[in-house]
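Participant: So the chains spell out like this:
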Amino acid sequence: MLLKELSDAVESGDRDRSEILAGKLMDEGADPLQTISSLTEVMGGIGERFSRLEIFLPEMMQSGEAMAAAVAVFTPKLKKEEGGSSKGKVVLGTVKGDLHEIGKNIVKLMLEANVFQVKDLGVDVDPLNFIKEAVAMDADVIAASSLMTTTMPHQKEIIEILKDKGMRDKYKVVIGGAPTTQEWADEIGADLYCPDAGSASQKITEILKK
Amino acid sequence: MSNPYRLWEIQQRSNTGPYCDEDDFLPKIFTPKLKGIIKKYEIKYDPERLIPVDDDLADRVWQAGWELFREVGLYNTDTHRIIKVSDEEIKEALYMASDRYWVGAGKDAVLWKHRRVEDTEPPFCLFSPDCTCSEELHYSMCLAFLKEPLLDGFCAPILENSIGLKIRSASPFEINGCTQHIYNLRLAARQVGRPGVFLVAVGTAEHDSGQIAVSNNEWGVRTTDARIIGTLTEFKTADTMLNRVVHCCQYGCYSGNLTGPIYGGWCGGSEGIAVALVAYSLNGLCIYGSIFNQHFPFHLNWGSNTTRELLWPIASAGQAMARNSKLLYTSNGFSNAGPMTEMVFYETACHALVSTVTGWHLWEMASARNKYRNRATPLEARIGMEVGHAAARQGMTRDKANEIALKLLVRYEDRAADAPMGKEYQECYDVATALPTQEHFDMYRRVKDELSDMGIEFPY
Numbered sequence: 111m112l113l114k115e116l117s118d119a120v121e122s123g124d125r126d127r128s129e130i131l132a133g134k135l136m137d138e139g140a141d142p143l144q145t146i147s148s149l150t151e152v153m154g155g156i157g158e159r160f161s162r163l164e165i166f167l168p169e170m171m172q173s174g175e176a177m178a179a180a181v182a183v184f185t186p187k188l189k190k191e192e193g194g195s196s197k198g199k200v201v202l203g204t205v206k207g208d209l210h211e212i213g214k215n216i217v218k219l220m221l222e223a224n225v226f227q228v229k230d231l232g233v234d235v236d237p238l239n240f241i242k243e244a245v246a247m248d249a250d251v252i253a254a255s256s257l258m259t260t261t262m263p264h265q266k267e268i269i270e271i272l273k274d275k276g277m278r279d280k281y282k283v284v285i286g287g288a289p290t291t292q293e294w295a296d297e298i299g300a301d302l303y304c305p306d307a308g309s310a311s312q313k314i315t316e317i318l319k320k
Numbered sequence: 204m205s206n207p208y209r210l211w212e213i214q215q216r217s218n219t220g221p222y223c224d225e226d227d228f229l230p231k232i233f234t235p236k237l238k239g240i241i242k243k244y245e246i247k248y249d250p251e252r253l254i255p256v257d258d259d260l261a262d263r264v265w266q267a268g269w270e271l272f273r274e275v276g277l278y279n280t281d282t283h284r285i286i287k288v289s290d291e292e293i294k295e296a297l298y299m300a301s302d303r304y305w306v307g308a309g310k311d312a313v314l315w316k317h318r319r320v321e322d323t324e325p326p327f328c329l330f331s332p333d334c335t336c337s338e339e340l341h342y343s344m345c346l347a348f349l350k351e352p353l354l355d356g357f358c359a360p361i362l363e364n365s366i367g368l369k370i371r372s373a374s375p376f377e378i379n380g381c382t383q384h385i386y387n388l389r390l391a392a393r394q395v396g397r398p399g400v401f402l403v404a405v406g407t408a409e410h411d412s413g414q415i416a417v418s419n420n421e422w423g424v425r426t427t428d429a430r431i432i433g434t435l436t437e438f439k440t441a442d443t444m445l446n447r448v449v450h451c452c453q454y455g456c457y458s459g460n461l462t463g464p465i466y467g468g469w470c471g472g473s474e475g476i477a478v479a480l481v482a483y484s485l486n487g488l489c490i491y492g493s494i495f496n497q498h499f500p501f502h503l504n505w506g507s508n509t510t511r512e513l514l515w516p517i518a519s520a521g522q523a524m525a526r527n528s529k530l531l532y533t534s535n536g537f538s539n540a541g542p543m544t545e546m547v548f549y550e551t552a553c554h555a556l557v558s559t560v561t562g563w564h565l566w567e568m569a570s571a572r573n574k575y576r577n578r579a580t581p582l583e584a585r586i587g588m589e590v591g592h593a594a595a596r597q598g599m600t601r602d603k604a605n606e607i608a609l610k611l612l613v614r615y616e617d618r619a620a621d622a623p624m625g626k627e628y629q630e631c632y633d634v635a636t637a638l639p640t641q642e643h644f645d646m647y648r649r650v651k652d653e654l655s656d657m658g659i660e661f662p663y
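In order, the protein sequences belong to chains A and B.
For the first sequence, the working numbering begins at 111 and goes up steadily by one.
For the second sequence, the working numbering begins at 204 and goes up steadily by one.
These aren't lab readings, by the way, just hints derived from the structure by calculation.
Be careful, since some hints might not be right.
As the list claims (entries may be wrong) - Non-contacting residues of chain A with respect to chain B, defined by C-beta distances greater than 12 Å in every case (computed):
| no. | residue |
| --- | --- |
| 1 | S147 |
| 2 | E175 |
| 3 | G308 |
As the list claims (entries may be wrong) - Only pairs whose alpha carbons sit at most 30 Å apart, straight line, appear in this in silico BS3-like list of lysine-lysine:
| no. | chain 1 | residue 1 | chain 2 | residue 2 |
| --- | --- | --- | --- | --- |
| 4 | B | K231 | A | K229 |
| 5 | A | K229 | A | K197 |
| 6 | A | K187 | A | K273 |
| 7 | B | K439 | A | K229 |
| 8 | A | K313 | B | K247 |
| 9 | B | K236 | A | K313 |
| 10 | B | K610 | A | K282 |
| 11 | B | K231 | A | K114 |
| 12 | A | K275 | B | K369 |
| 13 | A | K282 | B | K369 |
| 14 | A | K320 | A | K114 |
| 15 | A | K134 | B | K231 |
| 16 | B | K294 | A | K242 |
| 17 | A | K273 | B | K369 |
| 18 | A | K199 | B | K287 |
| 19 | A | K275 | A | K187 |
| 20 | B | K310 | B | K247 |
| 21 | A | K280 | B | K439 |
| 22 | B | K439 | A | K242 |
| 23 | B | K238 | A | K114 |
| 24 | A | K319 | A | K242 |
| 25 | B | K574 | A | K273 |
| 26 | B | K610 | B | K651 |
| 27 | A | K199 | A | K320 |
| 28 | B | K238 | B | K294 |
Even for Gly, the Cβ is constructed at its ideal location relative to N, Cα and C.
Using the sequences and the hints given, assemble the complete structure.
Facilitator: Next up, the structure:
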């Protein structure tokens, strides 16, 4: 019953209620992994509705925040019991010279909702910073967004610097953004191209399984 | 007003305006305010009516946009402060704004005037492919567009490479690309006999350094031309944009404020887009000192604006500004389909028709969602401009335009999600002569005849 109420709170984007209900569930001894898994399903449904634009970005963001608040309640217990349950660690940002952020922010939300650990570097991020932050975080994935054709070369630079540092195989490099294409991803040797923000978390999950 | 509105008093607000955490600006300030304003002014999208004829609705959209701009302001991501403008300042700037500007030079200069709803003056026709293009095709594409008879102004495609080297924003390669861009443009304009034609340039410059490097009345972007200065989506700016504002003011060229509110994004749905378009226009006037606003609202998933959820806000905001201001504003089409498809002609015709009867000037056409290199040609833009001229000249009413637009939507709306990409420029144009292939021209002519049968009275 409480889980249903928590799911409803996430769906309606009620952050405060979500946090309170998660606390109650934890007090009742609910299994953190099962609870988060249920919420991930709820968030998946919300993502589906957003992809059809039955709801819009603000509503999805609110749901994402409500889910994050619930997950945060369970995280200490989860870490203690399971040694962490993250599907993977991702450093994410928009490349240097590019100030666009909406697509990148949707990807961040969907990754977090799917229990990835995400470090958002923001916009206008130097290629070397992507790598330094990936090293610092011990990341699995470097995800770089570009919204302008003249900033796309910075996605390539990330891969080139990784090669020069002998670190290319250490990270999966994922690219996306309106002017980017599979052809561009192939040309620069990216591991994954995401044609839209909504599909990023599923695609990243798949490449990390390989 | 050809001078910027209180340039330094406004610029200083980047340093002195209210502080706001960037993460809070959109979810905690912008969207809640916008939702409240839509409710307050009772703005309601009607999917069955592409072009509203309710003047009171248009006036409410205007008031809502004004209130949104006054309340939300413009967020500077470099200083984390909000530039805000008061009611009195908005009124003063609107009073000072001119309703017409001479743009371009010499015999090619054109008087660009404010339009009204159902105006019989044709729209100003700004041709632009908006796409990126290969270096070897850039000059030919410039020629092909500049040959267009109805062209009042031109914004050339964006170079991806210059002297064979990939252009990287904010680097020496970008400055080099910008130089090549404007030289191609100026030479092409001279060769087609329009040396003074109004140019909006240079699109190759993403960074302010690239723009500033090519300001030169002898060989570069002239003071009779314009620059586009973007606003970040939604209602954000940065010093790199404001650098351009100051440069344009002090260099003495025109500027246009470029905005792309996203349907499905922080603006929400159609109502939010309509209100945001008005608010963005006031931003262009008051904060950017722009003589025109260049709007391309688009669908979050498709990247286009030729379907009903985008045409309604275009029609509503156009009427709001036409009835309540003297501003100039261009409606920038983004089609789903690519060149040499019947669909791109239908989409452009519909976008141009809806825009024209609701007070807009035309900026056509970002084909194939503006996503693919070389996928745009002058012919789809031509059909849009011809529709605009014809609709204005025949005094087409909103009702009649609505009827035709609905018929056009039937021809493409259900294919929006998986529209054909069409062909690249060099597949539908002779690159040497910069003229369309016969096959391409015949397709254009067939669709034009079809539009004529629907009631659009083309003069030729």
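Participant: Can you name, in rising order, the numbers of the hints this structure does not satisfy?
Facilitator: 2, 3, 6, 8, 9, 10, 14, 16, 18, 19, 20, 21
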